[in-house]
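*Asks:* Now for the letters of each chain:
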Amino acid sequence: MDEQRVATDQPAPVIEPGHTFATVTDKISSIVLTRPTSNGWLVGFGVAFLLTMVLLFAISYLLVKGVGIWGINIPVGWGFAIVNFVWWIGIGHAGTLISAILLLLRQSWRNSINRFAEAMTLFAVSCAGLFPILHMGRPWLAYWLFPYPNTMNYWPQFRSPLVWDVFAVSTYFTISLLFWFIGLIPDLATLRDRSENRAAKIIYGMLAMGWRGSARHWARYETAYLLLAGLATPLVLSVHTVVSFDFAVAIVPGWHTTIFPPYFVAGAIYSGFAMVLMLAIPIRKIYGLEDFITERHLNNSAMVMLATGLIVAYGYVMEAFMNWYGGNRYDAYLLWNRLHGPYAPTYYALLFCNIVLPQLLWIKKIRTHPLWLFLISLDVLIGMWLERFVIVVVSLQRDYLNSSWGMYYPTRWDWMTYIGTIGMFLAAMFLFLRILPMISIYEMRVLLPEAEVKPE
Amino acid sequence: MKRTRVYGLMAEFDSPTSLVAAAHKTHAAGYKKIDAYSPIPIEELAEAIGFHHNGVPLVVLVGGILGCIAGYTMQWWIHTISYPVNVGGRPLNSWPAFIVVTFELTILFAGIAAVFGMLALNGLPMPYHPVFNVPRFAFASKDRFFLIIFSTDPMYSASSTRAFLEGLEPKFIMEVPG
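As given, the protein sequences belong to chains A and B, one line each in that order.
Note that the numbering used here has the first sequence beginning at 1, numbered continuously upward.
Note that the numbering used here has the second sequence beginning at 1, numbered continuously upward.
Be aware that one or more of the hints could be misleading.
To be verified - Subject to a maximum C-alpha distance of 20 Å in a straight line, what follows is the list of computed DMTMM-like cross-link-like pairs (lysine to aspartate or glutamate):
1. 142/B <-> 26/A
2. 142/B <-> 43/B
3. 171/B <-> 450/A
4. 454/A <-> 44/B
5. 285/A <-> 16/A
6. 32/B <-> 175/B
7. 142/B <-> 291/A
8. 142/B <-> 196/A
9. 32/B <-> 153/B
10. 142/B <-> 16/A
11. 454/A <-> 43/B
12. 25/B <-> 452/A
13. 454/A <-> 47/B
14. 364/A <-> 295/A
15. 365/A <-> 295/A
16. 25/B <-> 169/B
17. 27/A <-> 291/A
18. 142/B <-> 222/A
19. 33/B <-> 175/B
20. 285/A <-> 295/A
21. 27/A <-> 16/A
22. 285/A <-> 26/A
23. 454/A <-> 14/B
24. 27/A <-> 295/A
25. 142/B <-> 452/A
26. 454/A <-> 169/B
27. 142/B <-> 450/A
28. 25/B <-> 43/B
Hints in this document: simulated from the structure, not taken from any laboratory.
Use the sequences and the hints to build the structure in full.
*Replies:* Right, here's the structure in full:
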């Protein structure tokens, strides 16, 4: 099937011709097992680790002093913490989209990018989860968010979107972790059987849990994997929907709109694919994986970005249109404030980053050009961060009463926490690339022509 | 480990096609206690060794239903019995507000049931298994395909089963101690 496709109408193959079960296995597993730790990896991990230490420092100081070290105050009580929370959790969405939704849609090109995209999801959701917890003021009481019998005879308020969010995000993290882990089991067995190092053999062996590739096991495995994909699909759509409810259920002008759920989900996938490309482009170059992550993957990811970017653009247009057409003076003022208020540059920058520049993706040369794609992805990530800044800060700073208007200025601790989580994310990615197969080996084998059972 | 006991006879093949064909013939010849090992999932293979239904979907369904019931009941009990809070005279059992958490717990329980149910039905984790005694079995996770006839099969006999497997033209035939 794949052979015919390549021969006829497809622009670039999912996997370069000439590979066999053995070469695919050796190529991917050797990155982990035999490739020496390079200086580039050490420097990259070192920098990321240093930034993680900056994060730990910022968190420690926060625990000592309290959230007063951040720029938040009334009226802007949400600030960077919520901006970064929404940004990170949105990035995570692309991983689940690639692993679950594209699996159900039988988009087999996903097989070479799903593993590290899922890892990206896990690390991004971990970074996201930190922010609301730190933002609570007394993070050591975070377990109060969960319903558990307690001596105060007190329970969470399940009518509140903030409690929905706790359940949505923690379910999302758990399911993503399970999905990633069961995807890894057959590959861990491969690493167990390939590794020469005794300690590595034992560790991979324990993680593989005795996987031996029995036909009965594979049958149950495939069923479980498919069902998990079916479960993760509505889940991933629900997560950012629930995040958007945090805003949409409130009555703040600029938040109280019904367009938020679809527009948040599209924005999440938009920024997520930007992050996937920003990771995939250097990885395929450095580890020589151009055979597996081909131009086809870059092109397809860029097209997903373009499509979701247009949905986001539609969201912006409708938001502005309803502010004007709705006849509500507070909503109309919000639009004026975005265009002419003190934070107007962020709004123009977001329009440029998210709507104007990504239109370059209509050009096929740019969709398959790694450097251009890398820069556009960076631009989209910045744009989507600005979008959340505009939604959170610009809406809160001037709502109904002029007497309660105010300004928000992030402090160095806000920046250190934000940049620190980027460091933590990258440090986790570096470790992942070094100790686990970054491309799903068994799913790559399935893509090969020899995997097909020919009728007798 | 007693070297005298034999766990089964194993044949090695080099392609999914030859393994599926061999599995079909073995099953047709009347061997029922057989298994096949491959580095990739092969849909036809489970059918070929006579494994038609797996219990995973049922486990997931039960998990999902339990999660759904648990999620809704918890919220209903908390907000009507244990800790009723009157919000603007609205009903205490305000079900539309409970949908989201009910949905999330349905997915959570079903997902956990899928993963742990699959592992439990597969008998994993199982760090030791007799097939690992065969050195060439390390290739089962790379590019080789294996068929085994267990010595517990009523039709099993050291000589005739070996002769049968040789008729399938495998690359190698190995005795699995265990």
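*Asks:* Decide, hint by hint, whether the structure agrees.
*Replies:* Going through the hints against the structure:
Between residue 142/B and residue 26/A the CA atoms are separated by roughly 9 Å; this keeps the pair inside 20 Å, and the hint holds. For the hint linking residue 142/B to residue 43/B, the alpha-carbon distance of about 18 Å falls within 20 Å, and the restraint holds. Among the hinted pairs, residue 171/B with residue 450/A is consistent with the structure: their alpha-carbon atoms are about 17 Å apart, no more than 20 Å. At roughly 11 Å between alpha-carbon atoms, residue 454/A and residue 44/B fall within 20 Å of each other, so this suggested pair holds.
Only pairs whose Cα atoms come within 20 Å are accepted, and residue 285/A paired with residue 16/A is accepted, the gap being roughly 15 Å. Between residue 32/B and residue 175/B, the direct Cα distance comes to roughly 18 Å. Compliance with the 20 Å bound is thereby established for this hinted pair. Simply put, residue 142/B and residue 291/A have alpha-carbon atoms about 19 Å apart, close enough for the 20 Å limit, and the pair holds. Taken as a hint, the residue 142/B and residue 196/A pair is honoured in the structure, with Cα atoms around 15 Å apart against an allowance of 20 Å.
For the proposed pair residue 32/B and residue 153/B, the alpha carbon gap of about 7 Å is at most 20 Å, so the pair holds. A C-alpha spacing of about 19 Å is found between residue 142/B and residue 16/A, which places the hinted pair at or below 20 Å, so the restraint holds. Distance restraint check for residue 454/A and residue 43/B: the Cα-Cα separation of roughly 12 Å lies within the 20 Å cut-off, and the hinted pair is therefore satisfied. Restraint check for residue 25/B and residue 452/A: the C-alpha separation of about 19 Å stays at or below 20 Å, so the hint holds.
Between residue 454/A and residue 47/B, the direct Cα distance comes to roughly 15 Å. Compliance with the 20 Å bound is thereby established for this hinted pair. In summary, the hint linking residue 364/A to residue 295/A is supported, as the alpha carbons are separated by about 11 Å, within the 20 Å threshold. For the suggested pair residue 365/A and residue 295/A, the alpha carbons sit about 11 Å apart, so the restraint of at most 20 Å is met. For the hint pairing residue 25/B with residue 169/B, the CA-to-CA distance comes to about 12 Å; that is within 20 Å, so the pair holds.
Between residue 27/A and residue 291/A, the direct Cα distance comes to roughly 10 Å. Compliance with the 20 Å bound is thereby established for this hinted pair. For a cut-off of 20 Å, the pair hint linking residue 142/B to residue 222/A stands: about 18 Å separates their Cα positions. With a C-alpha separation of about 16 Å, the suggested pair residue 33/B and residue 175/B falls inside the 20 Å cut-off, and the hint holds. For the hint linking residue 285/A to residue 295/A, the alpha-carbon distance of about 12 Å falls within 20 Å, and the restraint holds.
With a C-alpha separation of about 13 Å, the suggested pairing of residue 27/A with residue 16/A holds against the 20 Å cut-off. For the given pair, residue 285/A sits about 18 Å from residue 26/A by alpha-carbon distance, which is consistent with the 20 Å threshold. For the hint linking residue 454/A to residue 14/B, the alpha-carbon distance of about 14 Å falls within 20 Å, and the restraint holds. This hinted pair checks out: residue 27/A and residue 295/A have alpha carbons roughly 19 Å apart, not beyond 20 Å.
Straight-line distance between C-alpha atoms of residue 142/B and residue 452/A comes to about 16 Å, which keeps the hinted pair within the 20 Å bound. Between residue 454/A and residue 169/B the CA atoms are separated by roughly 17 Å; this keeps the pair inside 20 Å, and the hint holds. At roughly 13 Å between alpha-carbon atoms, residue 142/B and residue 450/A fall within 20 Å of each other, so this suggested pair holds. For the proposed pair residue 25/B and residue 43/B, the alpha carbon gap of about 17 Å is at most 20 Å, so the pair holds.
Checked against the numbered hints listed earlier, the structure breaks none of them; every hint is satisfied.
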